[in-house]
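K.L.:
Protein chains in written order, with our numbering: chain A, 3 to 150; chain B, 3 to 150; chain C, 3 to 150.
No wet-lab data here; the hints were simulated from the structure. In this text the structure is predicted, and so the values were computed from the model without any measurement. Where a beta carbon is used, it is the ideal one built from N, C-alpha and C, also for glycine. You may find that some hints are simply not true.
[Claimed, not checked] Label-pair distances were calculated between CB atoms; the ranges are:
no. : chain 1 : residue 1 : chain 2 : residue 2 : range
1   : B       : 24        : C       : 35        : 38 to 44 Å
2   : A       : 31        : C       : 11        : 34 to 40 Å
3   : C       : 88        : B       : 11        : 47 to 53 Å
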Amino acid sequence: MVRKSTHHILTFETSSDTDIIDITGEVLDRVGESGCRDGLVTLFVPGSTGALTTIEYERGVINDLRRAIERMASRNLEYEHDRRWGDGNGYSHVRAALMGPSLSIPLLSGKLTLGTWQQIVLLDFDNRPRQRKVILQIMGAGRIPMEP
Amino acid sequence: MVRKSTHHILTFETSSDTDIIDITGEVLDRVGESGCRDGLVTLFVPGSTGALTTIEYERGVINDLRRAIERMASRNLEYEHDRRWGDGNGYSHVRAALMGPSLSIPLLSGKLTLGTWQQIVLLDFDNRPRQRKVILQIMGAGRIPMEP
Amino acid sequence: MVRKSTHHILTFETSSDTDIIDITGEVLDRVGESGCRDGLVTLFVPGSTGALTTIEYERGVINDLRRAIERMASRNLEYEHDRRWGDGNGYSHVRAALMGPSLSIPLLSGKLTLGTWQQIVLLDFDNRPRQRKVILQIMGAGRIPMEP
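Same shape as in the complex, but just chain A:
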């Protein structure tokens, strides 16, 4: 048997309304522990009010991103979702659908191929604090030894 894949379920406590969290450290730790040197790292956020992307994790540009998202799907518009269900988080769903829930990053020679100023961020758009999960999957690649 040759283990060629592993996964982790990462957990984060988020605050309400476009919390943007740097999860790079957790991802790098788990990738390092996996012993996998070459492969594909997939990140996925279960739930319909969260998203994943990469950005330079610097407070100024994180606020700039928040403002851009507010322009795209403002909290102050009327949402049909809210009229039907009363959750008040129609804007959260729309933002999450626009940004997308998945991210794929090749792993080469034991290093994630992120740029120097590029961090992995979890965006939580919900209108209340959440305990948010991120699935981290590491699929090994490279040569498969035929003998264990």
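Given chain A, put chains B and C in place with the hints provided.
P.N.:
Below, chains B and C without anything else, positioned relative to chain A:
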């Protein structure tokens, strides 16, 4: 020989102008039939006027998403693509490029890692009904048995 | 030993401010050379001011996409990133985070599953010319022969 991957070409009939279809059921059926328990599910829409994302498939928020996309790339703007080619679907191409054609979802213990209210949707932005394909690829992970 | 994965680091010279480059030819060449017939092709752009998507690579619609991105995160707004760091490329970071750095495309029977008019594009949002890398990873799938 060990089968470690399988794919399906799903087909959907779409109507014109931002048809948003819940394709979760079809995806779950094929993943179930594959017998694969752990791995990576990749979805990809061939064509330059379609996209994929996830959202809670509820009529209100689907309409809210449509409105947000209309704000991002309104059908009523002038598009250089239309002046050059006369297709009238310049807005469709722009929307598809902004939303993106691919989605990656880990499969763990036989279950796609979607949230409870999170469905997979195909967005067709074209200005005429289409027969639209989605490529579903299931790459097995987990342990590879050395004996068949 | 069975080679089940390969990668390439593609390099592109970009010009400043939303350069959009068709990289499909390079990707197809490397996939062809890999000899891989079935699998998953992952593309990833290291760096926090670049992105990847697909679009019909036609000058009109490329300009239309540029205009849509300018509406989403205009160069003429004030960015907190610029006030703090003076780089003048706050808009570049925001655009890259909104568009996303990764793309996943299944490879079936030796062919990438792109549509006829669908090209892979690298978007460089930075405010100066760059030498930009794109990671191309090809993970083989299909049957794994047990004998070399």
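K.L.:
Compare the structure with each hint and give your call.
P.N.:
These are the hints, each one checked on the structure:
Taking 38 to 44 Å as the suggested C-beta distance range, the pair residue 24/B and residue 35/C conforms, at roughly 39 Å. A hinted range of 34 to 40 Å for the beta carbons of residue 31/A and residue 11/C is inconsistent with their spacing of about 25 Å. Separated by about 51 Å at the C-beta atoms, residue 88/C and residue 11/B satisfy the suggested range of 47 to 53 Å.
In the structure shown, a violation is registered for the earlier hint numbered 2 alone.
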